[in-house]
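K.L.:
The residues making up each chain are set out below.
Protein chains: 2
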Amino acid sequence: MKGIVTPELVIGLLKAKGFAELRKFLSELMPADIAALFGELSDEREDFGEKELTLTFRILPKDLAADVFAYMDADLQIMLINGFSDRELSAVLDELYLDDTVDMIEDMPANVVTRILKVADKEKRKQINELLKYPDDSAGSIMTTEFVYFYGTDTVKEALTRIKAVGIVKETVYTCYVTEQKKLIGSVSLLDLVVADANELIKNVMDTTVISVRSHEDQEKVANLFSKHDLAAVPVVDDEDRILGIITFDDVMDVMREENAEDMAMMSAVVPVEGNYFDTSIFKHAAKRMPWLLILMLSATITGAITNHFEALIASIPLLVAFMPMLTDTGGNCGSQTSSLIIQGMAVEEIQPKDFFRVVFKEFRVAIICAAVLAAVNFGRIMLFYKNPLLAAVVSVALVCTVILSKLLGCVLPMLAKRLGIDPAIMSAPLLSTLVDSCSTLIFFSFASKLMAF
Amino acid sequence: MKGIVTPELVIGLLKAKGFAELRKFLSELMPADIAALFGELSDEREDFGEKELTLTFRILPKDLAADVFAYMDADLQIMLINGFSDRELSAVLDELYLDDTVDMIEDMPANVVTRILKVADKEKRKQINELLKYPDDSAGSIMTTEFVYFYGTDTVKEALTRIKAVGIVKETVYTCYVTEQKKLIGSVSLLDLVVADANELIKNVMDTTVISVRSHEDQEKVANLFSKHDLAAVPVVDDEDRILGIITFDDVMDVMREENAEDMAMMSAVVPVEGNYFDTSIFKHAAKRMPWLLILMLSATITGAITNHFEALIASIPLLVAFMPMLTDTGGNCGSQTSSLIIQGMAVEEIQPKDFFRVVFKEFRVAIICAAVLAAVNFGRIMLFYKNPLLAAVVSVALVCTVILSKLLGCVLPMLAKRLGIDPAIMSAPLLSTLVDSCSTLIFFSFASKLMAF
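These protein sequences, in sequence, are chains A and B. Heads up: the first sequence begins at 1 in this note's numbering, then just goes up one per residue. Heads up: the second sequence begins at 1 in this note's numbering, then just goes up one per residue.
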């Protein structure tokens, strides 16, 4: 379907004022695809600016328009809001889910936020302000306050009538919640309601084992809960078990994406920042990468200082330098293998703080196997090329020590970071490699100077 | 809730034959938590073996038991199946969703699979065999064939009656599909049905813009589709648009987890294997890590050969060796920053093959900024400590070349791999570091030998 509506077609129809056809073509597409099409048009075509965007947006059917708006990037949304009359803005806001509105506001400059809050009605403004107060990455920050709730004393028929009256809230209606004096006491699915007898009381059809989360819970933990229990929605409660809002699976998928991107960035020494690759300027990209590059570059001078210390040894046996890259790289790789498995295992809560010694012992044994194989291959290779058993022995022993040490650091450091409340992803490949470099270089030259220097 | 039922309590009640209490306690828990509790018990307690597991499982209410079974690890499931009578096994299989059964079978040894297929009824056996045929990681392999469909000429009332009759299929009933001569022509949500007039025809309430996927589509692409359009379910069709099954959001969350773990493993030079950290033996862990360690260890000898070539230079100026770790580490870090951003961007389809030159140009500009800052800091540092402008210049120029080269390799290699149909995650930190090591060492010693050798 999507292939049919090309950027050229849109521009062509706009120029020919074929608005009815354009409306028809666009109505065939999914909201996210229309948003992507607008993004492409505004990025790549000079003849598609604010005026054309606003015009094309006005062509869309009302309810589709609001959906498209929700899927747009912040820069397009800002462009549109600037082009909107107050009335148009208010109409779009009315159709948006509250959590989408709040997500949007978080990416907007202050003057646009002010305008949005100005045109929102009083009740909505209050709810937006409430949601904006939750800390980033907390359950409260990703929940929506639009959900359906009943009392235990309602009948199934009354509940169904309420759902019909509420109307659009497709994303939140499949699980409804039952409250008593504002406290969450159960949940009931739309299917339960459809299947149940119309005159049955809600308290007799509801499920009382409801998984809920507190508003200050970390969003990554919420995501783990969803995938552990295959949930479609989870209610968010305050410290007194009063329901504040709900989180739905689609928000959780976004969280999983976001946390994943964040971990990968940290594990490659990039400071995580929101926003996608192309929309981030080269200066911002450089700024995200410089801090760790600088820290690691300066840390690497420690290894340099170690080789300086062995200057005389190196001058007399320069061949030794040839084994440094192999040793430091292997150490770095061994360490990063372990740290990435541990970081990943902790992220999905498979590895818990109580498993500390179990993990260390397991990694120690894995390290011994790896070290033995690598050292044997390496010994054979050096004997083959250099026919020097002393050199082969020194390099192999240094390799064994390096492998074991780096695998131990690879599991101890991330678990230690976690215990100290630091994101364990910091203790990954780059930092570990720099650390292991120093250790392996020191071990190697120490052995060599004891056994090979004359 | 979960905290109340400790392993000790379970063991205690089992020993005291307090089965009714145990049943009551367990019934308060969520299925996934009971499965986790069983896993903990069987891992950590010697007095909880196959006999105790089967006994405790039999205590559970029937429908809860099947859910618990679905959430268990393969080793526990095998233990239980071995303890089951044919009748018990058949009862559990009847309650399982078909896709859960197939997932389970994929992890089982052949004799257990034979037994499962033996007790399954003919229709179910046929469906299981069909589903097992889809290639790993394809849409077909994660779909379930249990879904509800109507004809356009059914009334809303008939549709609701059908849903009530189908019963348990909570995971699949919120979106139903409309077919005509087996072809998918629309979808209708349970909410649409509840809201619509009972005598209305389905074709008048259905939505005809349905997103569907082909059975051979890659599961990662399916996951991207879900998060792009915020889908709860997607129908899987064959090449003639006939509906074969559906994929629901909970399966997609598992895919996101799995793909994420796989990428992280590959990016740290670990061969991805299914199964979690603790259940994998140390020999298997070692086997997953050895291939890349060996390949990278042997590749690192190329860098060694390069330093060998400059043996005379190193013997006369051993101080040069002190700058090798800083150069190679910084190169490796610059490359892995870029490659991880690009790999991540391609995984979520933000970076497309057509963006090749756009990415390379962007990374080139980022590299120049990074290189300039790093070289300046480095020049200052060397002047401060060694007061040797020639050395400072040689190191800084080599650093600039290394940074630019490694950032370019960091974006070109993953995109090239993708184009060749290789998983781009292979072109990440470890391989890149080894490659960049050789280049940066060669650049550095070449400059030094031209400018500093006497």
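A portion of the hints provided could be inaccurate.
When chains are identical, the list treats them as one kind, so a pair holds in a single copy or across two.
Said to hold, decoys possible - In silico EDC-like pairs for lysine to aspartate or glutamate, Cα to Cα no more than 16 Å straight-line:
1) Lys-221 <-> Asp-33
2) Lys-182 <-> Glu-240
3) Lys-354 <-> Asp-43
4) Lys-354 <-> Glu-44
5) Lys-228 <-> Glu-258
6) Lys-15 <-> Asp-207
These aren't lab readings, by the way, just hints derived from the structure by calculation.
K.L.:
A separate judgement is required for each hint: does it hold in the structure or not?
P.N.:
Each hint tested on the structure:
Taking the shortest alpha-carbon separations for Lys-221 and Asp-33, only the inter-copy value of 15 Å comes in at or below 16 Å, while the best intra-copy value is 31 Å. For the homomeric pair Lys-182 and Glu-240, the shortest alpha-carbon distance inside one copy (10 Å) is at most 16 Å, but the shortest distance between copies (52 Å) is not. In this assembly of identical chains, Lys-354 and Asp-43 lie within 16 Å of each other by CA distance solely across copies; the values are 14 Å between and 50 Å within a copy. Taking identical chains as interchangeable, the C-alpha atoms of Lys-354 and Glu-44 lie at most 16 Å apart only when they sit on different chains, with a minimum of 13 Å there against 53 Å within one chain.
Taking CA atoms no more than 16 Å apart as the test, Lys-228 paired with Glu-258 passes between copies only; the shortest distance there is 13 Å, against 19 Å inside one copy. In this assembly of identical chains, Lys-15 and Asp-207 lie within 16 Å of each other by CA distance neither inside one copy nor across copies; the values are 57 Å within and 31 Å between.
When held up to the earlier numbered hints, the structure conflicts with hint 6 and nothing else.
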